[in-house]
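**Q** Residue numbers (the numbering used here), protein chains in the order written: chain A, 1 to 336; chain B, 1001 to 1336; chain C, 2001 to 2336; chain D, 3001 to 3336.
Source of the hints: derived by calculation from the structure; they are not laboratory data.
It is possible that part of the hints are untrue.
For lysine-lysine, the following BS3-like pairs were computed, each having C-alpha atoms within a straight-line distance of at most 27 Å [said to hold, decoys possible]:
no.	chain 1	residue 1	chain 2	residue 2
1	D	K3225	A	K250
2	B	K1225	C	K2225
3	A	K131	C	K2281
4	B	K1040	C	K2225
5	B	K1281	D	K3281
6	B	K1131	A	K225
7	B	K1040	C	K2040
8	D	K3281	C	K2281
9	C	K2225	D	K3281
10	D	K3225	A	K225
11	C	K2250	D	K3225
12	B	K1225	C	K2250
13	C	K2281	B	K1225
Far from chain A, by Cβ distances over 10 Å, these chain C residues were calculated [said to hold, decoys possible]:
no.	residue
14	A2043
15	K2050
16	K2115
17	E2209
18	V2224
19	E2257
20	Y2272
21	C2298
22	I2299
23	L2335
Coverage of chain D stretches by chain C, computed from C-beta distances (three or more under 8 Å per stretch; other residues unrestricted) [unchecked claim]:
no.	stretch
24	3068-3076
25	3270-3277
26	3321-3333
These numbers come from a predicted model, not from an experiment.
Heads up, the beta-carbon is just placed ideally off N, CA and C, and yes, glycines get one too.
There are 4 protein chains.
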Amino acid sequence: MINVGLIGFGYWGPNLARNFHHNPFMELAAISDFSEDRLKTAARFYPQTKLYRQADDIINNNGVDVVAIATPVSTHYQLAKKAFQSGKHVWLEKPMTETVAQSEELIELAARYGKKLQVDHTFVYTGAVRKIHSLIDSGDLGDLIYYDSSRVNLGLFQQDVDVIWDLAPHDIAILDYLMPFKKLAVSATGSDYFGTGMTSKSLLTIFMENNVVAHINVSWVSPVKIRQTLIGGTAKMILYDDLEPSEKIKIYDKGVELDYTKEDLYRINVQYRVGDMWAPKLEDHEALSLEVQHFAECIMQGHEPLTNGHSGLEVVKVLVASQESLSQRGGPVELT
Amino acid sequence: MINVGLIGFGYWGPNLARNFHHNPFMELAAISDFSEDRLKTAARFYPQTKLYRQADDIINNNGVDVVAIATPVSTHYQLAKKAFQSGKHVWLEKPMTETVAQSEELIELAARYGKKLQVDHTFVYTGAVRKIHSLIDSGDLGDLIYYDSSRVNLGLFQQDVDVIWDLAPHDIAILDYLMPFKKLAVSATGSDYFGTGMTSKSLLTIFMENNVVAHINVSWVSPVKIRQTLIGGTAKMILYDDLEPSEKIKIYDKGVELDYTKEDLYRINVQYRVGDMWAPKLEDHEALSLEVQHFAECIMQGHEPLTNGHSGLEVVKVLVASQESLSQRGGPVELT
Amino acid sequence: MINVGLIGFGYWGPNLARNFHHNPFMELAAISDFSEDRLKTAARFYPQTKLYRQADDIINNNGVDVVAIATPVSTHYQLAKKAFQSGKHVWLEKPMTETVAQSEELIELAARYGKKLQVDHTFVYTGAVRKIHSLIDSGDLGDLIYYDSSRVNLGLFQQDVDVIWDLAPHDIAILDYLMPFKKLAVSATGSDYFGTGMTSKSLLTIFMENNVVAHINVSWVSPVKIRQTLIGGTAKMILYDDLEPSEKIKIYDKGVELDYTKEDLYRINVQYRVGDMWAPKLEDHEALSLEVQHFAECIMQGHEPLTNGHSGLEVVKVLVASQESLSQRGGPVELT
Amino acid sequence: MINVGLIGFGYWGPNLARNFHHNPFMELAAISDFSEDRLKTAARFYPQTKLYRQADDIINNNGVDVVAIATPVSTHYQLAKKAFQSGKHVWLEKPMTETVAQSEELIELAARYGKKLQVDHTFVYTGAVRKIHSLIDSGDLGDLIYYDSSRVNLGLFQQDVDVIWDLAPHDIAILDYLMPFKKLAVSATGSDYFGTGMTSKSLLTIFMENNVVAHINVSWVSPVKIRQTLIGGTAKMILYDDLEPSEKIKIYDKGVELDYTKEDLYRINVQYRVGDMWAPKLEDHEALSLEVQHFAECIMQGHEPLTNGHSGLEVVKVLVASQESLSQRGGPVELT
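Build the full structure now, drawing on both the sequences and the hints.
**A** The following block contains the structure:
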């Protein structure tokens, strides 16, 4: 049995607790939170779990094998570092850390102590994203040309992160999993409409090798909720709509063909092709449950997690570069 | 009766011809096109209209009061200039010209010769955009904070203009009509996926005074057609979906409120408010028909057209700046 | 060249005229209408076509090979009868006649005079319905079990027919083409909400052999327009939504399986199976244009039209039985 | 504190348990179920609740004030009767009983013993249905003319009830709450496609006084899930779509007007009027939670529940009449 100690029982922590609790290979051994109220709630649901006010009581706990960290991003680096030093595996919420150097150090620490590091990019474990991955793998889409996502809704203004740090990690992690091209530069624009110091709406462009481009639109000030991602290939294209109850992904047999045979030798003629649409049945599971199972297996079998520190680092690199580009009103910032 | 001579009977010209023909104050006096086939088609529909191969036969025609120009953008400046010099009013397709200087000169020529210049930004005359304008005018939306539009579909790759020059003029003209803030700078990113020298997908950001920002997403490589515009105010927000058959605009009684009274004096607390949605019945007319009538009235009554040279110039300025920003991968280009 | 004389230039007649005019094998030789205004409109569009006030001038016209009848249903029988007697082929709007006996007589007359009779059930010629037909033909759907259609909207109240005679013929003709089982009985309910003597909303059930049932919901008093048809097979099921711009038909790999192997021998266990969805690209043509071409070929090659008198008669039988059932508040009326 | 004893912890029982448990005025005192497995599950969630194998241990329990019955309909009458005789209040799942006489007897028993009887018609307590009720109450819809509902999906074939007894109670209870006109007769058609003795798809018509008609379409064999109800008034009409995430009800300012002033004195001219659409924000609560609170208040304050025995009886009357009409292929069955 893998004993898990969870730090933080606020917004996302209860979901982690539930999934650790239900996993057959894991035991929810301990939970810490600075709030007495939250600990009372935890006690009601998990009477067998030890409860603490201090995170250190988890980190230094001999009965804990995995430290799961569901606290604000500003605390991620210190807590994870201490957990590795204390000989624990680490489950870390997204985004991984506040700086690139911190993420790099955590990767290095995980390696040094021989422990597993999983960054919780939940969407990578959804049936929809896994299906898209297998479609891309099969070559059906042809050459990939773009990723274009809208992730907008009203509200849930955060006080410690802006809309890019809040919503864009989902898309960057999905992008990194589905289209692992080298990322070259980032351009980001946006506005802090309310003078809070926090951007509440933003457009990101990620320039990648092979002329592939990702466009990401995130917003806290949209009257309607939209979760739509277009993935373009030269042979086929995908619409992934996470709000569709049953047909979350639609594959369009539509593409673009270049015609060099036209009379005008100096011009390439671009033509498009229109065919059927197809919506495959998707696996119906809770993504987080699958992710927890995956992490348990990585620990037991010594494998590397799918969304490990390198995956987390890629996301942080883009976020940090976006922040810089934002202050330059879209001026491109190189990723190195 | 206002006699109209139409230059160009290709993709859009026939729509102009039909609307000039049906307008009670206008007479479709002449059409020119270099294609014999197109002139044959024109003859079938308008047996009473004079047909020419040369544009000059329209421009120098004494029987013509208005020259309507529906030719590629590279020809707009020369044709319109000659038309003014020949003492005609001018109806000009969008985008107005290839350069800012050309647009400025045409505005100056119209003034010098005392003639009307209408740039055909058709969307400004739709029932939906006019309704949004009246809602904004009434103050119902509170302070305007953003414009965010997706105008994507598959195909219709143009050979003389890229996707920005093709699709973005619609949004820039709507923006200019609805939210006439001073435009400060433009950032644009995109990619020429097929090596044709033409960007086929692009993101634009227009920075305006008062911290207002417009985001515009245009694409020729989307498997699905989307025409969605979000307009955000502090009190209410609008979703304008041009593909909806009957409820093209939806007004959401949703907004954002700033709370300065919280215990934490150093932070502004942003809250959102959620209320009803309302979809007003819209006028049901062909926008182009209304636009033609508007131009006829401007000529007869000496008024300035709603989408005159200044409106066309605003669009060209943004397009030209976008082009420059595109080559700098999103680096901001100032508008002066 | 087949010369067509069209009787009636009201609501639907102009669509027929346009399609006869554009068909390469047909000539729109003559039009009659009792309204001077409509004849003026016809003259503007078809200056070469002869125009008459009296239908007899078409029927007795030596220059006419086909009489197309687009007048109220109460006149169909007399006009078509005279047309056959005058040696013409007949194109007849739906519904075919007011009574079963009239339809039977017209079938008999067409046979006696060796002329073709086409009843205009336009939906049978749409790309969507033809595709569904080929899917059913291929056996992919398994055994057909039901047809269920909603055809509702606001308005267009007719004064000479009720909502059943107005809207249900579309569904009955589609049903007859796609699922040609023997029809056994009809149950219809509805209400004349406004005391006009005309039912404005109705539910029809058509009982067919093999336990197959069709349900049809028609209404003139719905605030929203719906055109949705479900077609159920034991192996696959189809959703046909005529208002969808591009994906009008969706094939669901969903079905029902009977399990006789359960412990409880006295019960059949019904299970359902859920798989992918698929939306085929459809032919993109105007249905009426294809139908006109089909009729021209039938005349030239001596074939029987797809929607001939027997097709029209099936529809009339159901309409007449519905009327009787309606007066019995749903009591079943046998079809013989 | 009101002590509740729950009989049946199968499909719906756990939802009741959770809501009784969370209600501040109720105590989930006891649960009975014949399945050892289900009792184990109950023990995990409610360690403080007494568990029994026999329903009688609940009914005869001195520590129980309310008996909640969530068992198959065939057992409702006997269990509820014994509960009243044992001096308990009764919460009864829908449909109330198998026969009209049984429902009538339960109403009589509740009165005789001075106990409350609540039939669980959950939809009546949803924010959407309550909002529609208040709109109708305000008179905004004009005269009500029809109710038309589609409640179809794939699967969940029941073995003890057919699709009418399974799905139609929801609509009949909503109808009874919103449009309490006297019901006169029922016509029902349908088919048992699979030879299981159970109708799996059906159309119901309920004829009511004032010429008002309800149409209800229920199905277990639809490839898509639909939950759409149209409610027509002479002044306004409502579309209630329970699957819409945020805008479940839309009010259309559309209606019908009768024009008696036309030249033709023998005919009433029906005209329609088209205006705005409006989607009110709805209360966001779990309907069952509100319903449980309502029942607690009725017990404490001696009020009659909104969905009491008379509401349950109305539903049973229509179900029983539907069954009879079904066997007559739609022949109308009077409700007395």
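**Q** K1040 (chain B) and K2040 (chain C) were given as a pair; does the straight-line alpha-carbon distance stay at or below 27 Å?
**A** holds (25 Å)
**Q** Is the straight-line distance between the alpha-carbon of K3225 (chain D) and that of K225 (chain A) 27 Å or less?
**A** holds (22 Å)
**Q** Please verify whether K131 (chain A) and K2281 (chain C) have alpha carbons no more than 27 Å apart.
**A** holds (23 Å)
**Q** Is Y2272 (chain C) truly not at the interface, in the sense that its beta carbon sits beyond 10 Å from all beta carbons of chain A?
**A** Holds: least Cβ distance 13 Å, greater than 10 Å.
**Q** Assess, step by step, whether the Cα of K1225 (chain B) is no farther than 27 Å from the Cα of K2250 (chain C), and give holds or violated.
**A** holds (18 Å)
**Q** For C2298 (chain C), is the shortest beta carbon distance to chain A beyond 10 Å?
**A** holds (31 Å)
**Q** Confirm or reject the statement that V2224 (chain C) sits farther than 10 Å, beta carbon to beta carbon, from all of chain A.
**A** At roughly 20 Å from the nearest Cβ of chain A, V2224 (chain C) sits farther out than 10 Å, so the non-interface label holds.
**Q** Quickly compare the C-alpha distance for K2225 (chain C) and K3281 (chain D) to 27 Å and report which way the hint goes.
**A** holds (24 Å)
**Q** Would the least Cβ to Cβ distance between E2209 (chain C) and chain A come out above 10 Å?
**A** E2209 (chain C) clear of chain A: closest Cβ-Cβ about 34 Å, beyond 10 Å.
**Q** Does K3225 (chain D) pair with K250 (chain A) here, judged by a C-alpha cut-off of 27 Å?
**A** holds (18 Å)
**Q** So if I understand the rule, the pair passes when the alpha-carbon distance is 27 Å or less; does K1281 (chain B) with K3281 (chain D) pass?
**A** holds (20 Å)
**Q** Is the hinted pair K1131 (chain B) and K225 (chain A) satisfied, with a Cα-Cα distance of at most 27 Å?
**A** Between K1131 (chain B) and K225 (chain A) the Cα gap is close to 23 Å, so the pair holds against 27 Å.
The structure fails hints 4, 8 and 24 (numbered hints given earlier, in ascending order).
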